[in-house]
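Novice: Take a look at the letters that make up each chain.
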Amino acid sequence: MNNRGNIFERINKNTRTNLITIGIIILAYMVFQIMIVTGNLTNLMQGLLVPLCYYSILAISLNLTVGILGELSLGHAGFMCVGAFTGAFFSNSMVDIIHNTFLRFSLAIITGAIFAALFGTLIGVVVLRLRGDYLAIVTLAFGEIIKNVINVLYIGFDSRGFHISMKDSVSLNLLGDGKVILNGAKGITGTPNDTTFTVSVILLIAIYLIITNLIHSRSGRAIMAIRDNRIAAESVGIDITKFKLLAFTLSASMAGIAGVLYSHNISSLMATPKNFGYNMSIMILVFVVLGGIGNIRGSIIAAVLLTLLPEYLRFMNDYRMLIYAIVLIIMMIFNWNPACIAWRKSHPIQRLLRTKIKKEA
Amino acid sequence: MSFITYLIKGISLGSVYSIIALGYTMVYGIAKMLNFAHGDVIMIGGYIIFITMSSMGMNPAVAVLASIVCCAALGVTIEKIAYKPLRKASSLAVLITAIGVSYLLQNVALLIFGADSKSFTSVISIPALKLAGDKLTISGETLITIPACIIIMVSLSIFIKKSRTGRAMLAVSEDKDAAVLMGVNVSKTIAITFAIGSSLAAVASALMFSAYPSLSSTSGSMPGIKAFVAAVFGGIGSIPGAMLGGILLGVIEILSRAYISSQLADAIVFVILIIVLLVKPTGILGKKMHEKV
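Going line by line, the protein sequences match chains A and B.
Oh and the first sequence: position 127 is 127 in the numbering used here, straight run, nothing missing.
Oh and the second sequence: position 164 is 164 in the numbering used here, straight run, nothing missing.
Simulated from the structure, these hints should not be mistaken for lab results.
Backbone N, C-alpha and C fix where the C-beta goes; we use that ideal spot for every residue, glycine too.
Quick list of the computed label-pair ranges, beta carbon to beta carbon:
| hint | chain 1 | residue 1 | chain 2 | residue 2 | range |
| --- | --- | --- | --- | --- | --- |
| 1 | A | 272 | B | 2 | 24 to 34 Å |
| 2 | B | 279 | A | 34 | 56 to 66 Å |
| 3 | B | 56 | A | 162 | 56 to 66 Å |
| 4 | B | 185 | A | 346 | 23 to 33 Å |
Excised from the complex, chain B in its bound form:
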């Protein structure tokens, strides 16, 4: 039974990774940049929920909504101030800027909220489900996280395939210059992508900190990096890939934490990244891209 418990826990954690990985994969696909600050947007989202719930005593649903709105605004602002001026610059410059933004968010949070980690109150108040004569317990967080992940994934896929904005995103990711010629507003499309990615980060923060309630200024960076690993694992730029990669990574992490060593679990996750890059650099569901001269 314990194996199944771990497996469910892994899928639940993996679902959170999937939602974060979506933000990475969309931004990477459309703006062609690795948004290092994505993990720190999760942390900011966590703090916003924490403040609105604990200090202002609001309803969890309102808190999550506030966090989604604030994170979307934050994502768009970051894009506008830091990334937009560098759209034509080398990828090295953009990457260093993204690291700067990530570092900035962490240190602003550190100055405002202090170094000691806060204990997050769960936004989910569903009782745990007990199965098989109380041998198998599934927490309320898990019961919400997994369906939430599936709903997000399906609605995002439909949005991108069917809506005008979604198709504009596809066009920009395919060929920015051609998209401009077809009348697509590239700046607006990239801004919308950042808004969606960051609001997904807010959702992920609500789910993640409910299950793992320790909140500090650096608690977003590790999940952020792991979610990026998940995005690479599944094939960067691919939405089903992000989901598959996220869930696989979550399961691998929880199982190695349980059966191998809790201290080495992170190392194992990163070794997987290196192996994937070595064997199939495009990821499980990624397409091979040919470089044009």
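Next up, chain A with everything else stripped away, as it sits in the complex:
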């Protein structure tokens, strides 16, 4: 009887946490919408609304890999890049065929998610059987490969169909009615700006729900068992590769969705080190670490705070990356150093906080 009560309590608690988080997101959304209508929102803030959503999506999807699966991925920006380019490519080639914005954008999101998932599976099959450190370096390598390849890729489209070249746009040999969609290092220009704040928020909530549901499902428990002890998990019959691949692919496809939101929010999409490079992956990692590894709600909060703060602390801009680096190191030492753990145990306020976090997890 007592046991059963605990289970109910736990289920309720999960649902309650989810409802609170979604409630906060919807409340924030409504506040922002009212502020837009009444004209109280600055242009700067309006421009930040969609980025807030895709950064949050990136952070929670990376948290699935880092926090739940326990593997470090440094190529999250690479998956975002795949999603951004395939989604933008789709929208650009379909802009004259599908006139319904909603339908076209939905299909673009699906396209981006599928391609990112495809690459996620490809990378996952190669590395997930190996030990952790390799995954970090291979995902990093993957991010660089994607960026380099897109910068030399030219794809055009005319009445005869698609043409691909790796030299320049002239060698595509397009007919008079053709148009170059992906123009090498110049990227994709003229993508319809289909991303709206509403769509972004809906996607954020959907992805949040998918991830939290996964965590509390049978698969999620299997994934966390692999994280905590791979050999023990294997010995109770958990298919390691399958579940690792599941989490990794899901995480990649969500990064792809964030990429589609990104590419449909700007006018010209280019693969530069700044938007899809190593630094971007690190920034998402900082969101995850600061929000708490494995804490999905924390990732959203960290992503929102760290996107908003720099805009208001412009004078600190030069030191931003430096502070990120120090935050990473201090957070890790504070969380994992035996001496720090002992110190936290011996301090009552810290103990209180710790048990609270433990209950939530």
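Since the structure of chain A is already known, use the hints to place chain B on it.
Specialist: Leaving out everything else, chain B in the frame of chain A:
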């Protein structure tokens, strides 16, 4: 003739990769961690040489020596402050810390030296060697780099096999707990490993920036990552493996830059990493490690 020129250039670049890869492979073998900040130590080493030579007008040999000493101190300090407190923590925590350190070094360099890249003055003043009736030119940098790599490799192998410290390193890499029981000072051994790895990074920076003179706060990270690929390629933990992997990678990079596409050369290097991991995850000369429960 151009093929041979490219080949020599590739071996020269590969020798630099080998020296960097040694630092990775030693730290990985002994501390069981991927020291992401290794590439950025190269960058710091480059800046130290740049300052001592250009601003203080010192002799190149003195500059390189100063850089070696500073980098060794930097490596030991990083280990002491960031990695040592996490020696018993999960590999994920250590890896994230290492990335933090790498990022910290890059941004400190960016704040001190600015975003514009500096033009490095070569520390090597040997004239180029002209062979086969001036058709084949071997630069002075290459003439120094390849022998330097061989000397480092041989002396390091002898040091590890023969000296007391070297054998302590082997013992720690084999089994840390057993090494403690045999009276090996593990902390000291790991610190020495970092010192050696980082001073090798300083040597590599002198050779690399002499041949490729553009120096900026991020110019260490790419060679660092490629050197790690080289270490994995040759078999991580193995010193001859690091050399073999480094040289193969350098040759592949220069040849694909010359014959396939200069923009895709980096991508090709990384594709090789993925293929190696797929076919032979332990690398060419690596030993298979069995995981103990």
